[in-house]
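The residues making up each chain are set out below.
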Amino acid sequence: MHELSIAMSIVEVAQEEAEQRGIQVNAVHLRLGALAGVVKESLLSCYEMACGDTPLEGSRLVIEDVPVVVFCPACQTRRSLSSTQLFCCAECGTPTPQVLEGKELEVVALEIEG
Amino acid sequence: MSPEPRLVEIRKNVLKQNDLIARSLRERFRRARVFVVSLVSSPGSGKTEFLEKTLTLLQPRYRVAALVGDLATENDAERLARSHAPVKQITTGTLCHLEAAMVQKALEDWDLNRLDFLFIENVGNLVCPSSYDLGEDLRLVLLSVTEGEDKPLKYPTIFNSADVAIVTKIDLAAAVEFDWHLALSNIQAVRPGMLTFKLSAKSMQGMEEYLEFLAMRLVELRSAVCSSCK
Numbered sequence: 002m003h004e005l006s007i008a009m010s011i012v013e014v015a016q017e018e019a020e021q022r023g024i025q026v027n028a029v030h031l032r033l034g035a036l037a038g039v040v041k042e043s044l045l046s047c048y049e050m051a052c053g054d055t056p057l058e059g060s061r062l063v064i065e066d067v068p069v070v071v072f073c074p075a076c077q078t079r080r081s082l083s084s085t086q087l088f089c090c091a092e093c094g095t096p097t098p099q100v101l102e103g104k105e106l107e108v109v110a111l112e113i114e115g
Numbered sequence: 002m003s004p005e006p007r008l009v010e011i012r013k014n015v016l017k018q019n020d021l022i023a024r025s026l027r028e029r030f031r032r033a034r035v036f037v038v039s040l041v042s043s044p045g046s047g048k049t050e051f052l053e054k055t056l057t058l059l060q061p062r063y064r065v066a067a068l069v070g071d072l073a074t075e076n077d078a079e080r081l082a083r084s085h086a087p088v089k090q091i092t093t094g095t096l097c098h099l100e101a102a103m104v105q106k107a108l109e110d111w112d113l114n115r116l117d118f119l120f121i122e123n124v125g126n127l128v129c130p131s132s133y134d135l136g137e138d139l140r141l142v143l144l145s146v147t148e149g150e151d152k153p154l155k156y157p158t159i160f161n162s163a164d165v166a167i168v169t170k171i172d173l174a175a176a177v178e179f180d181w182h183l184a185l186s187n188i189q190a191v192r193p194g195m196l197t198f199k200l201s202a203k204s205m206q207g208m209e210e211y212l213e214f215l216a217m218r219l220v221e222l223r224s225a226v227c228s229s230c231k
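If you're matching them up, the sequences are chains A and B in order.
Heads up: the first sequence begins at 2 in the numbering used here, then just goes up one per residue.
Heads up: the second sequence begins at 2 in the numbering used here, then just goes up one per residue.
Don't read these hints as lab results, they were simulated from the structure.
Because the structure is a prediction, the values reported are computed rather than measured.
Each residue gets a CB set at the ideal place from its N, CA and C atoms; glycine is no exception.
Among the hints, erroneous ones may be present.
[To be verified] Cross-link-like lysine-lysine pairs, in silico, DSBU-like; alpha carbons within 35 Å at most: (1) K41/A with K13/B; (2) K203/B with K41/A; (3) K89/B with K203/B; (4) K104/A with K155/B; (5) K104/A with K89/B; (6) K104/A with K106/B; (7) K17/B with K104/A; (8) K106/B with K13/B; (9) K106/B with K41/A; (10) K106/B with K155/B; (11) K41/A with K155/B; (12) K104/A with K13/B.
[Stated by the list, open to error] Under 7 Å between C-beta atoms, here's a sample of chain A residues computed to sit facing chain B: (13) L45; (14) P96; (15) L106; (16) V109.
Take the sequences, apply the hints, and build the full model.
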């Protein structure tokens, strides 16, 4: 269970950006890769806790799931995986360890009132 | 009517603080020409025994040391001290993994120039350590035969964050009817091409091959550092 410390880092990053820009944040948008090692549901409940007594109290966490994308050496192109238990090209079945996307854990946007 | 929400785009890695510290550790390791190996596994996979043997066997030829992460006790450091290598315990309290800042703090007063190998034993956990870069050159993931062949399928993320898999306690394989080929195919399913060793720190079977591999990686590191400083 390291989702609470991840949630606290998210709040820290968002707060720093919000202060620099002088804005009030209603929601934080996060891209979360399937290989980031973070459980989404657990992160959502920890986020609320992590926001307590900060300027982000009451804000929402909006998570965009990022599926794993690999490079297929046979097709010479980007391919998705059918499962994280089987790292091979979904089209031709060639095994590949080359992960292009899916490890993301990044704050991509802050939602404010217009 | 309430105004439409507006999005302010930013792009910030949540673990940037950890990654920055890991990067500076990596630079420090590189300058000191020390090869750093971290170990991750579930509790009870034989990490400490494996590390104790690794330290003992490398000692005659190399200068070795270890950092050991543990939740509460100092038992592991005491066991590893039997190898007579310098060992420092990092007690993480309730934290389930090591972070780069803890490694940095533990190494504050160490002279890394005096080392060939530094080992970092993470807290026994196959989930949380995967997110945190510690600045290591090589991450080993351990899987004991008593845990069953399907561990890689249950924890694909940690196998993806590691470089090499080590199947431990191979001396018990027959007793638990461990299927080596199935384990290997599961490892290859979640990480195609992953280098895998099978060994027993107790019977010493397979240890030599693994130690030779480490020695070779140290040579590679040093020749890479040399050519980059020319």
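Verification of the hints:
Restraint check: the Cα-Cα separation between K41/A and K13/B comes to about 18 Å, which is no more than 35 Å; the hinted pair holds. A C-alpha spacing of about 40 Å is found between K203/B and K41/A, which places the hinted pair above 35 Å, so the restraint is violated. Distance restraint check for K89/B and K203/B: the Cα-Cα separation of roughly 23 Å lies within the 35 Å cut-off, and the hinted pair is therefore satisfied. A hinted pair counts as satisfied when its Cα atoms are at most 35 Å apart, and K104/A with K155/B qualifies at roughly 17 Å.
Between the alpha carbons of K104/A and K89/B the distance comes to roughly 31 Å, so the proposed pair stays at or under 35 Å and holds. Pair hint K104/A plus K106/B holds up; C-alpha atoms about 27 Å apart against a cutoff of 35 Å. Annotation: proposed proximity of K17/B to K104/A holds, straight-line Cα distance about 13 Å (limit 35 Å). Under the criterion of a C-alpha separation no larger than 35 Å, the hint pairing K106/B with K13/B is consistent with the structure, at around 25 Å.
A C-alpha spacing of about 31 Å is found between K106/B and K41/A, which places the hinted pair at or below 35 Å, so the restraint holds. For a cut-off of 35 Å, the pair hint linking K106/B to K155/B stands: about 33 Å separates their Cα positions. Distance check on the hinted pair: K41/A and K155/B sit about 17 Å apart at the alpha-carbon level, within 35 Å; holds. For the hint linking K104/A to K13/B, the alpha-carbon distance of about 14 Å falls within 35 Å, and the restraint holds.
Hint status for L45/A: violated, given a least beta-carbon distance of 14 Å to chain B, over 7 Å. Given hint, P96/A at the interface with chain B, holds; its Cβ is 4 Å from that chain's nearest Cβ, closer than 7 Å. With its C-beta approaching chain B no nearer than about 5 Å, L106/A sits inside the 7 Å limit, and its interface hint holds. The beta carbon of V109/A is positioned within 7 Å of a beta carbon in chain B (closest approach about 6 Å), and the interface hint is therefore held.
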